[in-house]
Amino acid sequence: MSLWEYANPVKFLRLSERVLPALWVFAGLCVATGLIWGFFATPDDYRQGSTVKIIFLHVPSALMAINAWFMMLVTSLIWLIRRHHVSALAAKAAAPVGAVMTVIALATGALWGQPMWGTWWAWDPRLTSFLILFLFYLGYIALWEAIEDPDTAADLTSVLCLVGSVFAVLSRYAVHFWNQGLHQGTSVPVATGARTVSDVFFIPLVICMIGFGMLFVALVLYRTGTEIRLRRTRALLARGARGA
Amino acid sequence: MIALLLRDLRLALRAGGGFGLGLAFFLILTVLVPFSVGPQSTLLGTIAPGILWLGALLACLLSLDRLLALDFEDGSLDVLATAPIPLEGALAVKGLAHWITTGLPLVVAAPALGVLLNLPGAGYGWLVVSLLLGTPALSMIGVFGAALTVGIKRGGLLLSLLVLPLYVPTLIFGAEAARRGAAGLDPATPLLMLTGLSLGCIALLPFAASAALRMNLR
Amino acid sequence: MIALLLRDLRLALRAGGGFGLGLAFFLILTVLVPFSVGPQSTLLGTIAPGILWLGALLACLLSLDRLLALDFEDGSLDVLATAPIPLEGALAVKGLAHWITTGLPLVVAAPALGVLLNLPGAGYGWLVVSLLLGTPALSMIGVFGAALTVGIKRGGLLLSLLVLPLYVPTLIFGAEAARRGAAGLDPATPLLMLTGLSLGCIALLPFAASAALRMNLR
Amino acid sequence: MTLLVQNLTVARGGVPVLTGVTLRLDAGKALILRGPNGAGKTTLLRTIAGLQPPLRGTIDGAEDRVAYGAHADGLKAMLSVSENLRFWARVYGEHDITAALAAYALEPLRDRLAGTLSAGQKRRAGLARLMVTQRPVWLLDEPTVSLDTDAVAMFAGAVDAHLAGGGSAILATHIDLGLQAETLDLTPYRAAPDARHGASDEAFL
Amino acid sequence: MTLLVQNLTVARGGVPVLTGVTLRLDAGKALILRGPNGAGKTTLLRTIAGLQPPLRGTIDGAEDRVAYGAHADGLKAMLSVSENLRFWARVYGEHDITAALAAYALEPLRDRLAGTLSAGQKRRAGLARLMVTQRPVWLLDEPTVSLDTDAVAMFAGAVDAHLAGGGSAILATHIDLGLQAETLDLTPYRAAPDARHGASDEAFL
Ligand code: HEM
Ligand SMILES: Nc1ncnc2c1ncn2[C@@H]1O[C@H](COP(=O)(O)OP(=O)(O)OP(=O)(O)O)[C@@H](O)[C@H]1O
Ligand SMILES: Nc1ncnc2c1ncn2[C@@H]1O[C@H](COP(=O)(O)OP(=O)(O)OP(=O)(O)O)[C@@H](O)[C@H]1O
Ligand SMILES: [Mg+2]
Ligand SMILES: [Mg+2]
Chain G
1 MSLWEYANPV
11 KFLRLSERVL
21 PALWVFAGLC
31 VATGLIWGFF
41 ATPDDYRQGS
51 TVKIIFLHVP
61 SALMAINAWF
71 MMLVTSLIWL
81 IRRHHVSALA
91 AKAAAPVGAV
101 MTVIALATGA
111 LWGQPMWGTW
121 WAWDPRLTSF
131 LILFLFYLGY
141 IALWEAIEDP
151 DTAADLTSVL
161 CLVGSVFAVL
171 SRYAVHFWNQ
181 GLHQGTSVPV
191 ATGARTVSDV
201 FFIPLVICMI
211 GFGMLFVALV
221 LYRTGTEIRL
231 RRTRALLARG
241 ARGA
Chain F
1001 MIALLLRDLR
1011 LALRAGGGFG
1021 LGLAFFLILT
1031 VLVPFSVGPQ
1041 STLLGTIAPG
1051 ILWLGALLAC
1061 LLSLDRLLAL
1071 DFEDGSLDVL
1081 ATAPIPLEGA
1091 LAVKGLAHWI
1101 TTGLPLVVAA
1111 PALGVLLNLP
1121 GAGYGWLVVS
1131 LLLGTPALSM
1141 IGVFGAALTV
1151 GIKRGGLLLS
1161 LLVLPLYVPT
1171 LIFGAEAARR
1181 GAAGLDPATP
1191 LLMLTGLSLG
1201 CIALLPFAAS
1211 AALRMNLR
Chain H
2001 MIALLLRDLR
2011 LALRAGGGFG
2021 LGLAFFLILT
2031 VLVPFSVGPQ
2041 STLLGTIAPG
2051 ILWLGALLAC
2061 LLSLDRLLAL
2071 DFEDGSLDVL
2081 ATAPIPLEGA
2091 LAVKGLAHWI
2101 TTGLPLVVAA
2111 PALGVLLNLP
2121 GAGYGWLVVS
2131 LLLGTPALSM
2141 IGVFGAALTV
2151 GIKRGGLLLS
2161 LLVLPLYVPT
2171 LIFGAEAARR
2181 GAAGLDPATP
2191 LLMLTGLSLG
2201 CIALLPFAAS
2211 AALRMNLR
Chain D
3001 MTLLVQNLTV
3011 ARGGVPVLTG
3021 VTLRLDAGKA
3031 LILRGPNGAG
3041 KTTLLRTIAG
3051 LQPPLRGTID
3061 GAEDRVAYGA
3071 HADGLKAMLS
3081 VSENLRFWAR
3091 VYGEHDITAA
3101 LAAYALEPLR
3111 DRLAGTLSAG
3121 QKRRAGLARL
3131 MVTQRPVWLL
3141 DEPTVSLDTD
3151 AVAMFAGAVD
3161 AHLAGGGSAI
3171 LATHIDLGLQ
3181 AETLDLTPYR
3191 AAPDARHGAS
3201 DEAFL
Chain E
4001 MTLLVQNLTV
4011 ARGGVPVLTG
4021 VTLRLDAGKA
4031 LILRGPNGAG
4041 KTTLLRTIAG
4051 LQPPLRGTID
4061 GAEDRVAYGA
4071 HADGLKAMLS
4081 VSENLRFWAR
4091 VYGEHDITAA
4101 LAAYALEPLR
4111 DRLAGTLSAG
4121 QKRRAGLARL
4131 MVTQRPVWLL
4141 DEPTVSLDTD
4151 AVAMFAGAVD
4161 AHLAGGGSAI
4171 LATHIDLGLQ
4181 AETLDLTPYR
4191 AAPDARHGAS
4201 DEAFL
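As you go down the protein sequences, you meet chains G, F, H, D and E in turn.
Every letter in the first sequence is one number past the one before it in this note's numbering, and letter 170, counting from 1, is 170.
Just remember that this note's numbering sits 1000 ahead of the position in the second sequence, which is counted from 1.
Just remember that this note's numbering sits 2000 ahead of the position in the third sequence, which is counted from 1.
Just remember that this note's numbering sits 3000 ahead of the position in the fourth sequence, which is counted from 1.
Just remember that this note's numbering sits 4000 ahead of the position in the fifth sequence, which is counted from 1.
If you're looking for bench data, these hints aren't it; they were derived computationally from the structure.
Treat the hints loosely; a few may be bogus.
[As the list claims (entries may be wrong)] The calculated label-pair distances, taken between Cβ atoms and stated as ranges, are:
id, chain 1, residue 1, chain 2, residue 2, range
1, H, Ala2122, G, Glu145, 33 to 39 Å
2, E, Ala4105, D, Gly3165, 38 to 44 Å
3, H, Ala2183, F, Val1108, 36 to 42 Å
4, G, Ala107, H, Ser2041, 17 to 23 Å
5, G, Val103, F, Val1108, 56 to 62 Å
6, D, Gly3165, H, Phe2207, 35 to 41 Å
7, G, Leu77, D, Asp3160, 58 to 64 Å
[Stated by the list, open to error] Which chain E residues face chain G? A few, computed with CB under 7 Å, are given here:
id, residue
8, Gly4013
9, Gly4014
10, Val4015
11, Ala4203
12, Phe4204
For glycine and all other residues, C-beta sits at the position ideal for the given N, C-alpha and C.
Sequences and hints are given; from them, build the entire structure.
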């Protein structure tokens, strides 16, 4: 039995219906523990005061925003190559979630920036590339909305996602070239294991990140299920209309 | 191919959509900037290279929706897609025609408009060079965007939405080169990046565009 | 008339051309400005009111070509012109629909974009007020421009060209009011002018537009 | 009421196309316009509909009484068939579209977006629009283009019902519709190629 | 060479419209497609032309051999008739357009902008385009829409000449063209309303 079996919408629906409840609970628990631990059980930073606690929302959402686009890239490729509907619909379902994550990262960043840098917004490369990512999300969603035929829409958005990814990477380099920034570098480098955040913050942060990851997966599964049902309704209606 | 190029150029001239209009839009936009930000000449001089690049970009953008949509509506695209010339080639030629009718006039006119905005003397040469190297990328990206949205009735605004983020790297390198030139710094690095970008776009985007177009014609 | 308004709003929503796109375009344009003029926040703060007004104006402008041209192409305009509702009224309603789908969202979104451009704190209120008073004029002038160019295939660029000069007074008064507001000065005079301009446009331009449209249908 | 066209000269592109057209259309009557391609049928119909002014001559009894069905159908691709019809019905102050849907067998398609219809289905929806206008005079330009034989019969039925209800119609067509109607051949009215009288560039000749 | 279509399933909007279409078109032969509005004639022709992929089945002998004449004419309003034709001729590697102009009596109109032609004149120019492609297989979707009787005769003559020269043609039409040709009625191939096999949304049913 291969993984591709779940590319069948019906099988996918059955599977997702089975795992979703557990996933919701687990994600909810992780997010809740992480956030409560982070907000109430960690000391204030000596320099940043209590504002440091925004990190528990900011970093996980920022990570998920990037990962969501990456996931869309992979599912788009799968659609273009193997033409599994679930894959295209998963990309469609992930886009708004990713966009919302981007907005959360931007909003929490802005809230954080006010006390830290004395301004809501600065044209720092990290921030700027995030804004550009947001624009890509907008364009992607708008293209899905604009096209009537679902398969054509899937094809075109997939092509846009591929080309867009290339240009998103280019933009990132361009933005770094254009302005050196204020934003601090990454301190959770998975590869090296070195880190600059103390354990008090790190453990709840990791829990939050896991929670957000699970939440993202749950949301995408749920929304994909909705999209599948929509397509099913549409397919049945199309036949009904012609049969009459 | 040459027939297609000639036809597109002739149409651009005759439909009154060609050389003149993009330029005029560029001109008006440049004139509107002092109205909106105020007439202080030092301020204008500082923002001049950036505004000129932005204006060129918008003038390109606005002429995109007629790039393929007209051919789509009157059925020419169907015929082109079944014609003996490869669709990739046809789209590349359409990009070229767009550049000749829109990009090139902008490059030529930019110095004149620089005067209106008090562009510092050192900036003129580099502004022209950066536009010359950057506008081909704008045209090719535009062809790709037009191919994506060709099936959508009046996808003009959607087209802008899709294309503008793709324009970001070109704009950054181009405006940076022009700004460095105007400030007397060395613009070589951004110009190199810009050239690379344009070449990459010309080499690869026709394929993406023709794939998108075929999906749309289906 | 209400039927027409409702239809236009529904079409705007459904064709994906409505609320969202104009806003997104406005956002992108605002983002592109720092890319082109550089990231210094004081410079950006100075030009912010002007740039925001210019962005709103361009977002309005880009949505104009779908205002009448679509109805023209599918023959709806012919039918509207022979329908029992006066053409002036129909055009005014179309202007209203355009304002609701384009102008109003811009007004609401402008403060958020002000943040991106470091707009000084005092400027937010006046920016919103000036846009609220000025955008109706932009929509009505747009209807007139669209009526003038409706017969021309893809007259998008030509339309921009005709409309932009007409937008100049609105832009001057609007941007001036926003700038004065941001600088802590009294913006009453330009705001009054702006209001007068909008009222005048709403009262008179539907007649000019319907005359132009009748000539085009001929 | 009677539609009366007297001594009409119509032009396209500034060139007179037909001169001296006189016709009379009583209530309950239909008139079929014939003439080769380029004779000026479309131009004449547009003039009677009030979409363009005549160069000379008078048109009586047309204002606010005509419904014009052109080559294009006036359908919005993004609205469903019933939304399209309901919109036009409301513009003309009518509210019931069931009769129009029934006349052209459009019920099965009523919730389909107009953009997804086939050529003939679109045309049927376009013709149904005329019925919701409640206007007494129909001006139809090649109404049966793309229609199959069943649909042509529906159309003939709709016209007959319209005439029986006291309406009237002018139809330009190249094919035989099987309608009981007078025929007007436009060939004799063709403007001479060097006709100058009334042309918009007359002053330059 | 023969055009061979076997067991073809075509879809529009993701829904199968026709299934199991099998047809064979030899050189020198014409085939007339018939079927009520919405039967799927346009969809079938677009599939054979290669503009959309079939859901199932094979098409042999079509690639680079077909010229497709759709509902739209592919004329640029701002170019003259001869410029339009010359453009397409060059795209297809041909250079002589006089035969095409003559076949549809377009000489008097050759320098007129295509946008100022009447509906039937436009259609004639659109049909003339097929002649300059030098492609052996013509696919025509309601070619005689808006044509008057003279023009229909010109068209029939052009098709006959094309067939006599070894070409072939598939025509979808609702009216009788007076051509010597086989007729294929598409009604039996209509996909069942609940047909699922091969539909792009098959997996969802
Ligand atoms: C709206 C603006 C902002 C955006 C879009 C943004 C974006 C991001 C992103 C994408 C990350 C994850 C990067 C990674 O881990 O590789 C991140 C992490 C972080 N951001 Fe922001 N940020 C913003 C504002 C701020 C501000 C104002 C501060 C506070 C001074 C801040 C502090 C941090 C910190 C401490 C991290 C964690 C870095 C780490 O340990 O990995 N950010 N931000
Ligand atoms: N700008 C122009 N200059 C010269 N002649 C023109 C112009 N525009 C249109 N014409 C001519 O006017 C004539 C009338 O056209 P019209 O569309 O009314 O014909 P029609 O009878 O409807 O023909 P069809 O049966 O083909 O639809 C045509 O011969 C056309 O070529
Ligand atoms: N998106 C869609 N969803 C469902 N059905 C569709 C869709 N698009 C088209 N159809 C249907 O597909 C069928 C085939 O249309 P097609 O244009 O091929 O018909 P046709 O035989 O050319 O008809 P005509 O004689 O009217 O031109 C029509 O019944 C049409 O309503
Ligand atoms: Mg006509
Ligand atoms: Mg058809």
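These are the hints, each one checked on the structure:
no.: 1; hint: H:Ala2122 x G:Glu145: 33 to 39 Å; result: holds (38 Å)
no.: 2; hint: E:Ala4105 x D:Gly3165: 38 to 44 Å; result: holds (43 Å)
no.: 3; hint: H:Ala2183 x F:Val1108: 36 to 42 Å; result: holds (38 Å)
no.: 4; hint: G:Ala107 x H:Ser2041: 17 to 23 Å; result: holds (19 Å)
no.: 5; hint: G:Val103 x F:Val1108: 56 to 62 Å; result: violated (42 Å)
no.: 6; hint: D:Gly3165 x H:Phe2207: 35 to 41 Å; result: holds (37 Å)
no.: 7; hint: G:Leu77 x D:Asp3160: 58 to 64 Å; result: holds (60 Å)
no.: 8; hint: Gly4013; result: holds (6 Å)
no.: 9; hint: Gly4014; result: holds (6 Å)
no.: 10; hint: Val4015; result: holds (5 Å)
no.: 11; hint: Ala4203; result: holds (5 Å)
no.: 12; hint: Phe4204; result: holds (4 Å)
Checked against the numbered hints above, the structure violates only hint 5.
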